[in-house]
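Q: Assembly of the complex is requested from the two constituent chains, each provided in isolation within its own frame, with the hints serving as guidance.
Chains as they are written, first to last, in our numbering: chain A, 1 to 119; chain B, 1 to 132.
Rather than coming from a laboratory, the hints here were simulated on the basis of the structure.
Cross-link-like lysine to any residue pairs, in silico, SDA-like; alpha carbons within 25 Å at most:
(1) A:K87 with B:V14
(2) B:K75 with A:T32
(3) B:K75 with A:D46
(4) A:K87 with B:L42
(5) B:K75 with A:I35
(6) B:K75 with A:G37
(7) A:K87 with B:L16
(8) B:K75 with A:L40
(9) B:K75 with A:T33
(10) B:K75 with A:G44
(11) A:K87 with B:S30
(12) A:K87 with B:R12
(13) A:K87 with B:A20
(14) B:K75 with A:Y42
(15) A:K87 with B:A27
Derived DEER-like restraints, expressed as beta-carbon distance ranges:
(16) B:L25 with A:W115: 41 to 49 Å
(17) B:N17 with A:Y56: 48 to 56 Å
(18) B:A61 with A:Q96: 30 to 38 Å
Even glycine gets a Cβ: it sits at the ideal position worked out from N, Cα and C.
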Amino acid sequence: MVTGTHVPVGAHYGWRDWLSQRITAVVMAVYTTLIFGMLLWYGGLDYAVWLAAFRYEPFRIATFIFMIALLWHAWVGVRNIAMDYIKPVAVRLALQCVVIITLVGYAGWTINVLWGRGA
Amino acid sequence: MAALERPAARPRPVYLNLLAIRLPLPAFVSILHRVSGALLFLIGIPLLLWAVQGALVSADAWAQMRVMVAHPFGKLVLIVLAWAYLHHFLAGIRHLLMDLHIGVNLQAGRQSAAVVLVISLLLTLGVVIRLW
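Next up, chain B with everything else stripped away, as it sits in the complex (with noise of 0.2 Å):
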């Protein structure tokens, strides 16, 4: 009877460094993914719905936003939240993919994260490249 008897559970080690996981790129890339959508939730949409509401009031109003763009860290928010948008995009679209199935292997997997992060990467260099 005894050998039938299971052993006690061990228990399970529990590593959660955040700093000292070493992330496999797709899970890098799944982290921003919820990184980008907390500041898109957190700071976007306020911002986004000020901007809109602020630049339709009139002519001055709008001239007046666009000096708010032009000042430093108005480009600051604004390159952030271009690369918050275009990596959430980018990583959504990934993620519909997979869930049709497409790009499931561990090696396209990989790929199109680092096609992700790479492009999402470029395009805002290219929102950083206007704003200058």
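Here chain A stands alone, though its shape is the one from the complex (with noise of 0.2 Å):
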């Protein structure tokens, strides 16, 4: 646990990134919760509810929400692991700009399921 000596406006070193991870795994943890419940609620899942659901603004919203924290949570575990196990500076850092780029191409492309022509 991170107390005292660090301000979280102030430098950071890898506290924003704990409390990052924490603050998407509990949005995450009720958005799943929200759809679980919703899944009893209904029991079961047809195509009516399925499209319903999705054609509801704060459906979507929610589930923007959602997946704005997925990618966060995505960004930082990666992060970690790559930090552990790929030692190669030069190697790390190709392969975080991977990742960075894939993660911000599905948040487009989850813009593009919530609000584009398919939806």
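A: In structure tokens:
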């Protein structure tokens, strides 16, 4: 647990990653519980319920928030793995660039799925 | 003076044969947290986006998705990802509780690791039963 010596808005020393990992986790846990509750409530999922959910703006926004939390969370996790196992700095930097570009791409894909022509 | 001289730093043994290391249960759950996270990143996220996008196109596309999920390979992928999500979810809740200083002693840590492992496997079994 990080206490006292580090000011959240000051220098970070990994504190910001630690905190964002947990905040995004809580956001995802809430959304997951919501989805699971909905599935139980409707007793499964058919096309009508599925489509209605994605045409309901608050559901789209909640899903968007979940996805951003997921992508952010994935970034911290993948970076942790990279820092542990990939020692050559150039390789790690290149890989992290690829991961960031991929995650930003996924964010764009998410917007397309939620508000694009398909939905 | 000689008595004050420090002995030269001895090289520490490095033993990282992953196939021979004996992992205590919390370490096992911890490495599975990492493995499940990597799986969710590599396969889970793109597959989720692809599937949701596909299933929103039309009623026919939705039905096609259901056929894919009914295929043994589709089921297998879904089961692996369901386990990854469940394990990662429960192991994450365990971490959050520990951040709140709940269950941080050795015995509680071992017990909660066992709970995470068993409950996630049981819930995955539930998914298996639901799919078959």
